[in-house]
Amino acid sequence: MFKRIIFDILLFISAIVAPWWFTGIFSIAILYYFKNFNEIILFGLIMDILYGRLSANFHWYDYRFTFLFIILLLTSYFIKKRLKFYDK
Amino acid sequence: MKMNYLLKSSNFQNRRKVVQKRALTIFIILIIIILILFTGLIRRALFSIALPAWQAENTILNSNTFQYFKSKQALINDRVVLEQKLFLAGNLLALNETLQTENENLKDLLGRKDSKQNTILATVLVKPPQTPYDMLTIDIGALQNVKIGDKVIANANIYIGEVSEVLPHLAKVTLYSTPGRKLSVVLGASSVTMEAVGIGGGNFNIFAPREVEVKEGDVIVIPSITANVFGIVEKVSYKETDSFQTVLFKSPVNVSELSFVEVVI
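Protein chains in written order, with the numbering used here: chain A, 18 to 105; chain B, 550 to 814.
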């Protein structure tokens, strides 16, 4: 649990100061490391709020990080189940 | 003895617990998402955490500390790039001066004086490539009278975008080059007003009739009483059979290298 909180803080710092692609790669690594890293969706939303343009009209491209992280999370569930070497 | 019923599986109970745990996590995340989206308080708290971090990052990156660690080759490369930029800047400056003189003369002839715009200097805190959005975050906000829709200029007279979100201490600027964004511009020497469409990264597209005379290097301006440069034509392409031509142009400002901008209030 303690390790997870540390990684949450690191990801938050990365979302604020690092380039978006770095945060993307870092979150993929964390998704692999932890079993159910569901809070990744929140980080997507945080990045959309900090950098994006949230308008009254809902456009998917204004929430591109949220959608990206949801897709990554769902893909990770799917892939982890099928990986032989992954400790389920 | 033969069994005709299934044993209660502990595996089934474990799986149920896991499902319940997952459902609970997703439920909590959903509640937090709703709180973030629909309450300004959390958004403001988020920006108040990010603002000092961005300011510190900006100070560190703009300081000369890292110059001591640069290799000789990197410095030579930097010099070559800077020389090229200086050459381009010289060209732009000459063009700017000519246009400005011509503009002032014409306005004098027509009895219209150039009204000086009120601008505030702002530091760029976040810019591409830190963000994939064509947006900037600047360090002035509602407390400095910045409003949504205020125009933002860089390098003294180049329009780059408009303020789209304002918080007390910072504001977000949506660049004109945001994909899909449309804007009226005046094309080159022909002075034809056309609609430019942003395609990201400071680039724009114009679909113009073939009759409109435009060539590489032509200046594109925003219709305004004050002299300005909006872009420089990079490429003009068309097929012999087409009645339209595609004009690709680029803003002379490299957004990823911007440190300061001015907000017209």
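Some hints could be false.
Claimed, not checked - No farther apart than 20 Å at their CA atoms in a straight line, the calculated lysine to aspartate or glutamate pairs in the EDC-like style are these:
{"no.": "1", "chain 1": "B", "residue 1": "570", "chain 2": "A", "residue 2": "25"}
{"no.": "2", "chain 1": "B", "residue 1": "784", "chain 2": "B", "residue 2": "767"}
{"no.": "3", "chain 1": "B", "residue 1": "731", "chain 2": "A", "residue 2": "79"}
{"no.": "4", "chain 1": "B", "residue 1": "799", "chain 2": "B", "residue 2": "765"}
{"no.": "5", "chain 1": "B", "residue 1": "764", "chain 2": "B", "residue 2": "783"}
{"no.": "6", "chain 1": "B", "residue 1": "570", "chain 2": "A", "residue 2": "56"}
{"no.": "7", "chain 1": "A", "residue 1": "52", "chain 2": "A", "residue 2": "25"}
{"no.": "8", "chain 1": "B", "residue 1": "700", "chain 2": "B", "residue 2": "744"}
{"no.": "9", "chain 1": "B", "residue 1": "799", "chain 2": "B", "residue 2": "744"}
To be clear, the hints were calculated from the coordinates, so they are not data collected in a lab.
Since the structure is predicted, the reported quantities are computational estimates derived from the model, not experimental observations.
To see whether the hints hold, each was checked on the structure:
1. B:570 <-> A:25: Since the Cα atoms of residue 570 (chain B) and residue 25 (chain A) sit roughly 19 Å apart, the hinted pair holds (cutoff 20 Å).
2. B:784 <-> B:767: Given pair residue 784 (chain B), residue 767 (chain B) holds - Cα atoms ~10 Å apart, limit 20 Å.
3. B:731 <-> A:79: Given that 20 Å is the threshold and the Cα spacing comes to 17 Å, the pair holds.
4. B:799 <-> B:765: Roughly 11 Å separates the two Cα atoms, so the pair holds.
5. B:764 <-> B:783: holds (8 Å)
6. B:570 <-> A:56: Measuring from Cα to Cα gives roughly 13 Å; hence the hint holds.
7. A:52 <-> A:25: holds (14 Å)
8. B:700 <-> B:744: Satisfied, since the Cα-Cα distance of roughly 18 Å is no more than 20 Å.
9. B:799 <-> B:744: holds (14 Å)
The earlier numbered hints are all upheld by this structure, with none contradicted.
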